[in-house]
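Going line by line, the protein sequences match chains A and B. For the first sequence, position 76 (counting from the first letter as 1) is numbered 118 according to my numbering, and the numbering increases by one without interruption. For the second sequence, position 747 (counting from the first letter as 1) is numbered 810 according to my numbering, and the numbering increases by one without interruption.
These are calculated hints, taken from the structure and not from any lab test. Quick reminder that beta carbons are idealized off the backbone N, C-alpha and C, glycines included. There may be inaccurate statements among the hints.
[What the hints assert, rightly or not] BS3-like, lysine-lysine: derived pairs with alpha carbons at most 27 angstroms apart:
{"no.": "1", "chain 1": "B", "residue 1": "Lys279", "chain 2": "B", "residue 2": "Lys294"}
{"no.": "2", "chain 1": "B", "residue 1": "Lys835", "chain 2": "A", "residue 2": "Lys47"}
{"no.": "3", "chain 1": "B", "residue 1": "Lys737", "chain 2": "A", "residue 2": "Lys68"}
{"no.": "4", "chain 1": "B", "residue 1": "Lys449", "chain 2": "B", "residue 2": "Lys463"}
{"no.": "5", "chain 1": "B", "residue 1": "Lys712", "chain 2": "B", "residue 2": "Lys835"}
{"no.": "6", "chain 1": "B", "residue 1": "Lys941", "chain 2": "A", "residue 2": "Lys68"}
{"no.": "7", "chain 1": "A", "residue 1": "Lys89", "chain 2": "B", "residue 2": "Lys943"}
{"no.": "8", "chain 1": "B", "residue 1": "Lys535", "chain 2": "A", "residue 2": "Lys79"}
{"no.": "9", "chain 1": "B", "residue 1": "Lys535", "chain 2": "A", "residue 2": "Lys68"}
[To be verified] From the derived model, a few chain B residues whose C-beta atoms are all more than 10 angstroms from chain A:
{"no.": "10", "residue": "His154"}
{"no.": "11", "residue": "Phe314"}
{"no.": "12", "residue": "Ile457"}
{"no.": "13", "residue": "Ser504"}
{"no.": "14", "residue": "Ala566"}
{"no.": "15", "residue": "Cys655"}
{"no.": "16", "residue": "Leu799"}
{"no.": "17", "residue": "Pro806"}
{"no.": "18", "residue": "Cys838"}
{"no.": "19", "residue": "Phe898"}
{"no.": "20", "residue": "Gly926"}
{"no.": "21", "residue": "Val931"}
{"no.": "22", "residue": "Met938"}
{"no.": "23", "residue": "Ser1005"}
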Amino acid sequence: MLLIKCPWCGARAETEFSYGGEADIKRPEAPDKLSDKEWADYLFMRKNPRGTHRELWNHSQGCRRWFGAERNTVTYQIADIFTLSEDSG
Amino acid sequence: MQPNRLKTGGRINRSKPLNFFFNGKAFKGYEGDTLASALLANDVKLVGRSFKLRRPRGIVGSGAEEPNSIMQVDKGAMAQPNVRATQVLLHDGLIAKSTRGWPSLRFDIGFMLDVFSSIFSAGFYYKTFMHPRPFWKYYERFIRKSAGFGKAPEHSDPETYEHRNAHCDVLVAGGGPAGLMAALTAASSGARVLLADDQTEFGGSLLNTATHVNSKPGSEWVRQTVSALSKLDNVTLLNRSTVFGYHDHNFLTIVQESDDHVRQREWRVRAKQVILSQGAFERPLVFCNNDRPGIMQASAVSTYINRYAVCPGERAIIFTNNDSAYQTALDLKRAGATVAAVVDSRKKGGGSYAAAVEQAGIPLLYGHLITNVSGQNHITKAHIAKWDGDNDAIIENSIKIPCDLIAMSGGWSAAVHLHSQAGGQNQWDHNLCSFVPGAISQQTISAGAGNGKWALEDCLQDGHDAGMSAAKRCGLQPIASEQLPAVSEIHTTPIEPLWRVPATVDPDRCPKQFLDFQNDTCVSDIRLAVREGYRNVEHVKRYTALGFGTDQGKLGNINGMAVLAETLGKPLEDVGTTTFRPPYTPVSFGACAGESVGSLYDPVRKTAMHDLHRSAGAKFENVGQWHRPWYFPKRGESLDAAVARECLKTRQSVGILDASTLGKIDVQGPDAVKFLERIYTHNVGNMSVGRCAYGIMLGEDGMVMDDGVMARIDDQHFYLTTTTGGAAAVLSWLELWLQTEWPELDVFLTSVTDHYSTIAVSGPNSMKLIEKIGCDIPLTSDQFPFMSIRNAHLNRIPVQLFRVSFSGELAFEINIDSNYAAGMWEVLIDAGQEFDITPYGTEAMHVLRAEKGFIIVGQDTDGSVTPVDLRMNWMLSKDKDFIGKRSLSRPDSLRDDRKQLVGLLSNDGKTVLLEGAQLVEDPAASIPIPMCGHVSSSYMSSCLGHPIALALVAGGHSRIGQSLYASSGEKSFVPVTITNPIFYDKKNELQNV
Ligand SMILES: [Zn+2]
């Protein structure tokens, strides 16, 4: 069970959080301008890397806020936690 | 009375004799015994039969590695199946039965399996029993019974279990010399230390051997150390506690056998640093018939002698390829047994112990092997041959030496299980002939024998160093020991690998050489697997069942991998190990569940009116965690009769429903409209204040995710309802968009599900009822039209009044502070007597909505249904983007054979279809019959006088009027006709009164 450091509440057990998948996926500005393939890329295609993965977490049983984590998918070590406002670029 | 019990010594309490029963026979043991040591004390040689070949088996080990003595312990609700006798602490009145050996140990029906063992070779399950598949259920019954797995208890467990969470600086797993030293050293820094050991007493190998520390017996140093540790406030000592799981981020789970108010306790520990000092397992040697009762691990023999004062044989032979078993020879001699020989495969061996063994008059046979044994239910002779190790050749015919005990040692394997569970690498050490812990990314230090340090002196040093490092890594200042405990210096002769004794005849035809005792995996099975093309160790494991038993390969895996490596012609390190997974030893379901059983399993949510429903005789159903009234039967009334009455009365006069479980979300902020426009499919901005709308939310994939009524309370203030089950998920989903995608939007979301209760009043007399209890606003349609919301006072209580309908009737929903809800319900029931008001439950609610063709998300949809499939095109705004809109024009969303919502009527006008039933066009088609849809909702409609159903049918919208068949059980079909899904009041006039 991971120990996740919520930027607002501090380190808490994984059971307090829910997982939100890959981070940095921006919703297209004008979906109707996209081809089916471009839309499908946004909708379905994920990196699923072996190693560093930037991903979303929600402190769903706590402050209910979303934030990002940089987690190694092999060792499960979390190298960085980031808030979305300062990293939304 | 206990023929093998020594007069003196051991850690047992001779003043506390205990009675116990094994396979119906009474025995005596002592406090401090395990079931295994007590059985050996009573000279019980046969304890079970092997899994596959039904061979007689005796006790081999003394701990978690024991493969043979698998027991059913105690009876009734307290019965424990499949426990290892070596890990069961003896208690007075204990009842144990072999779980293997039906119908009896001595005469076993499965014995024939051994006689015909050639057909039960590697992969025999796959080859014999997997085809033809339908027969597997018959085979399985036979195999399960003759394999004699333990029986599950027949009553629910009366004992209690608990979970306890703990945090510490340093968790030490294993309380042998290295673990004790590590705990003592780490604790000197003030670190919070938790030391767990699976045994009753700490000390590990120091209690199992005759080793001296500081010129005194090792047990004395253990006593002093444990006493010192127990005086420290920062140290928690857990005995009878097995660390069975090493999970992510230094989270470990421990199961503690407890004597207090619970039977077992599962500790869930988050440790800053972990020291793994779980020791090592001794490997068996692999020779013909090496599974016969009377053949034991040498270290187990020493353990029984030193720890339990039990000498398991009178005339012993040692068989080894390393020095440690020489101590066993001396232990046996001291215990009064005859040691007929030490058979050492090496040309020279024994190190410091060789002289002592020689002095004791024990014959030393260097360069010899045991190739086979005589005796079936118990060994009588060892067959010993001279061996040319350099050329791997037996060079002399065997001599047969009588014996009743063979103590074997094939070397040691560091217990790398937890290290591996934690994600650590293992590396093969050629000098030690063992895997040892390698790189690891968690905060873990291995120490002692578990780190490949066999010698006591090295164990103590390694434990000390680990304690120092762990405390320092916690940022603390440990105090280094100036002098470690003194142990006598020994020199050793290096181990020489002997992975299997060369067979005197064809290795595939000689008597079986066992690798995994519990699963009867033999050298010939590994060779066969390789011949059949298996190369990967994980595949070979699954094909041969190597390491699949309760001991999880602790005894046999390394030997098995070595034999695999040899057969493949590869170095062992290239073959590698199989994956280590928790639990380290079997854990009971009770410990896993802890307190979360019965009413504590899951929280129960009740509405504010729950007690009133109960007094009214409601039957309840579970909807998620909610308990909702299902129907309100009158005396003697069936479900069907009650639901029919509830529906009719509602449509004729007025019905009342507790709808409080609907999810409710309050949305406020300057950007509320902007936000909701992106979430909902309809035009939210066009709604004027006081208006309601039916809204659906789609996933970005275009599929319907949730639905509900939403209302505009003010310019910047909305109120949303969600499905009962979707409440939490919808709120998280909204927060996700708001926080991650559109943080610039100024909107606040608040769950108000529990703050407000909702009472729905439906039927032609609903308006009269509301008026009757006192309402301060006009209710007529011109002033309060359908699909609108007003703040009002009912019976002087402030409420939000919704003019909405989920039944198709004239209806109102009253949203009220939960504290007033029960009172309001009572007022409505009292005032409603005049109209014969009828409370109805979820079942009638479902019938009423289905009569109108209203869907339930999650019942009539399943995550693959678009709003177009539901004919909700009218709700999709063309003027704006919304979540999921683009997906509706994906080619897959435009297929005209998509499953679409339709109504179904049974042609006979009588048969209520089965929900979930598959729909087919031609029931006479050859199997598998192509399916074209399924029934999603189905009820008897009392108002219409015939059954109705909703269904999802491929291309259904263009098939109205066509016939299909609905499956109604095995080989039976009901002819049905596709219809429009609105069955009642097709023009929707009643709700607009
Ligand atoms: Zn938080």
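Consistency of the hints with the structure:
no.: 1; hint: Lys279(B) to Lys294(B); result: holds, 22 angstroms
no.: 2; hint: Lys835(B) to Lys47(A); result: violated, 57 angstroms
no.: 3; hint: Lys737(B) to Lys68(A); result: holds, 18 angstroms
no.: 4; hint: Lys449(B) to Lys463(B); result: holds, 12 angstroms
no.: 5; hint: Lys712(B) to Lys835(B); result: holds, 19 angstroms
no.: 6; hint: Lys941(B) to Lys68(A); result: holds, 23 angstroms
no.: 7; hint: Lys89(A) to Lys943(B); result: violated, 31 angstroms
no.: 8; hint: Lys535(B) to Lys79(A); result: violated, 55 angstroms
no.: 9; hint: Lys535(B) to Lys68(A); result: violated, 44 angstroms
no.: 10; hint: His154; result: holds, 34 angstroms
no.: 11; hint: Phe314; result: violated, 5 angstroms
no.: 12; hint: Ile457; result: holds, 48 angstroms
no.: 13; hint: Ser504; result: violated, 4 angstroms
no.: 14; hint: Ala566; result: holds, 43 angstroms
no.: 15; hint: Cys655; result: holds, 14 angstroms
no.: 16; hint: Leu799; result: violated, 6 angstroms
no.: 17; hint: Pro806; result: violated, 6 angstroms
no.: 18; hint: Cys838; result: holds, 37 angstroms
no.: 19; hint: Phe898; result: holds, 44 angstroms
no.: 20; hint: Gly926; result: holds, 14 angstroms
no.: 21; hint: Val931; result: holds, 17 angstroms
no.: 22; hint: Met938; result: holds, 18 angstroms
no.: 23; hint: Ser1005; result: holds, 43 angstroms
The structure is inconsistent with the numbered hints 2, 7, 8, 9, 11, 13, 16 and 17, although it conforms to all the rest.
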